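Please arrange chain B on chain A, whose structure you already have, making use of the hints.
2 protein chains.
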Amino acid sequence: MKIALLGGTGDIAEGLVLRWSKAGHEIFIGSRSEEKAQTITDEYKEKLASLGIEGQISGMANADAAKAAEVVIISIPPEYAAATISQIKDSFTDQIVVTPVVSMERHEDKSFVYNPPPQGSSALEIKEALPETVRLVSAYHNLPAKELSKVEEDLDYDVVICGDDEEAKAVVTKLTEDMPNMRVLDAGPLKLSAMIEAITPLIVNLNIKHKRHFSVKFV
Amino acid sequence: MKIALLGGTGDIAEGLVLRWSKAGHEIFIGSRSEEKAQTITDEYKEKLASLGIEGQISGMANADAAKAAEVVIISIPPEYAAATISQIKDSFTDQIVVTPVVSMERHEDKSFVYNPPPQGSSALEIKEALPETVRLVSAYHNLPAKELSKVEEDLDYDVVICGDDEEAKAVVTKLTEDMPNMRVLDAGPLKLSAMIEAITPLIVNLNIKHKRHFSVKFV
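Residue numbers (my numbering), protein chains in the order written: chain A, 1 to 219; chain B, 1 to 219.
Just so you know, not all the hints are guaranteed correct.
If chains are identical, the list can't say which one is meant, so a pair holds when it fits in one copy or spans any two.
[Claimed, not checked] Mimicking PhoX-like on lysine-lysine, the simulated pairs with C-alpha atoms at most 25 Å apart in a straight line are:
{"no.": "1", "residue 1": "LYS174", "residue 2": "LYS211"}
{"no.": "2", "residue 1": "LYS211", "residue 2": "LYS150"}
{"no.": "3", "residue 1": "LYS110", "residue 2": "LYS22"}
{"no.": "4", "residue 1": "LYS174", "residue 2": "LYS209"}
{"no.": "5", "residue 1": "LYS110", "residue 2": "LYS191"}
{"no.": "6", "residue 1": "LYS110", "residue 2": "LYS146"}
{"no.": "7", "residue 1": "LYS47", "residue 2": "LYS150"}
{"no.": "8", "residue 1": "LYS211", "residue 2": "LYS191"}
{"no.": "9", "residue 1": "LYS217", "residue 2": "LYS191"}
{"no.": "10", "residue 1": "LYS209", "residue 2": "LYS45"}
These aren't lab readings, by the way, just hints derived from the structure by calculation. Predicted model, so just to flag it, every value in this text is computed and none were measured.
In isolation and in its complexed conformation, chain A is listed as follows (with noise of 0.2 Å):
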């Protein structure tokens, strides 16, 4: 599939695009200037080549990157994504989103805190910022980017998702089954993203303490 990682850089960019890749998908890196995209492909393309993975994959701005894909996904820092995808609003029509984006704050004992938008949620933050057109489904939020990234090791991980449109969360699915051997657990309707997301600043809270790089399974 054509699939966009908007503001690709960074976090879980890296190794969804290297999996992707890997599985064949073609990958459009979206970022605020088409040059910074340009450097950011590059250094995929170079990380692709030294892992023998033969990849399809090209830079441009964030509308055009969002314009181009069947799958747009929001690898933007929670405090810009709703700004950025307002900005570029006129880019989707019918692609499918997803919203990986949870907003948390650091406490002074520098513990992490969900703290949801007013929407009660990032992801239905998202959706007021986008077309009633395009169908969002949350997922994505709980895969460690360093584990994500080592693309030779197979994750046993478990990948909770939302959404209201059932065609777009098979569409999810596939694309996380080919990330091997990811399993996708459909919890309901994209009002129940905020329980998803509060995994998050938990997960980060048990890393910092236990020194790993947890994710999440439902045994």
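For chain B alone, coordinates are given in the frame of chain A:
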């Protein structure tokens, strides 16, 4: 140890009673009336006998059970938990109190959502109802009752806990490890409880959708 289960009927109480009896702990079943506590206790005694487990278990009013115990588990439905604790506040001195309480509500579409009290979490609401001398630990929110009651089966679950007293968390960790093969993950201070509690309605939704009795594991 001497462990009280207040409102010790239903949900996870049965599994805890059976597993801790097997591990040699002394159990006090509390209920609103001594008579009801006796009835429940007799049922547990029968179950323990049928499983060949020699248990030390007695029934009494909630206030007496709390007084008799070193560790008190609040096994009371969320809508009554804080009020019940307030009513017997004088029974608490320096016990370790464990809250698995999670306040949730059911939407019209039958999905469950986390619905914390004004204090921010059920744990913080219960903390307010208790004397300050009590050491409160938030734990056992995500144990599936049905699996827990199958005392012959080891459970490969993670129990995420939080609390402000390290010694109390160490005691709860030990008690949890008395139920093989559970692992405790300490998430940090009590104020983080909301993120642990929010996993429960998420799991309830997953259970309904996928016809399972999920617990959680961090991998």
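| said: Reference check for the pair LYS211 and LYS191, CA-CA at most 25 Å: within, between, both, or neither? | reply: between (32 Å within a copy, 21 Å between copies)
| query | Quick one: LYS110 to LYS22, C-alpha cut-off 25 Å, is that within a copy, between copies, both, or neither? | reply | Neither way: LYS110 and LYS22 sit 37 Å apart in one copy and 40 Å across, limit 25 Å.
| Intra- versus inter-copy proximity for LYS191 and LYS110 (alpha-carbon distance at most 25 Å) | Answer is between; shortest inter-copy Cα gap is 12 Å, intra-copy 29 Å.
| 25 Å Cα cut-off: does LYS110 pair with LYS146 within a copy, between copies, both or neither? | within (21 Å within a copy, 37 Å between copies)
| said: As a check of your reading, is LYS209 near LYS45 (CA-CA no more than 25 Å) within one copy, between copies, both or neither? | reply: Classified as neither: same-chain Cα gap 35 Å, cross-chain 40 Å, threshold 25 Å.
| query | Between LYS174 and LYS211, at a C-alpha cutoff of 25 Å, which is it: within one copy, between copies, both, or neither? | reply | Answer is between; shortest inter-copy Cα gap is 21 Å, intra-copy 32 Å.
| query | How do LYS47 and LYS150 come out at 25 Å by Cα distance, when the copy is not named: within, between, both, or neither? | reply | For LYS47 and LYS150, the Cα distance is within 25 Å only inside one copy (11 Å; across copies 50 Å).
| task | First find the shortest C-alpha distance between LYS174 and LYS209 inside one copy, then the shortest across copies, and answer within, between, both or neither for a cut-off of 25 Å. | result | Answer is between; shortest inter-copy Cα gap is 19 Å, intra-copy 34 Å.
| Between copies, within a copy, both or neither: which fits LYS217 and LYS191 at Cα up to 25 Å? | Both ways: LYS217 and LYS191 sit 21 Å apart in one copy and 24 Å across, limit 25 Å.
| Up to 25 Å CA-CA - LYS150 versus LYS211, copy category | Intra 18 Å, inter 33 Å, cutoff 25 Å: intra-copy only.
Violation of the numbered hints given earlier is confined to hints 3 and 10; the remaining hints are satisfied by the structure.
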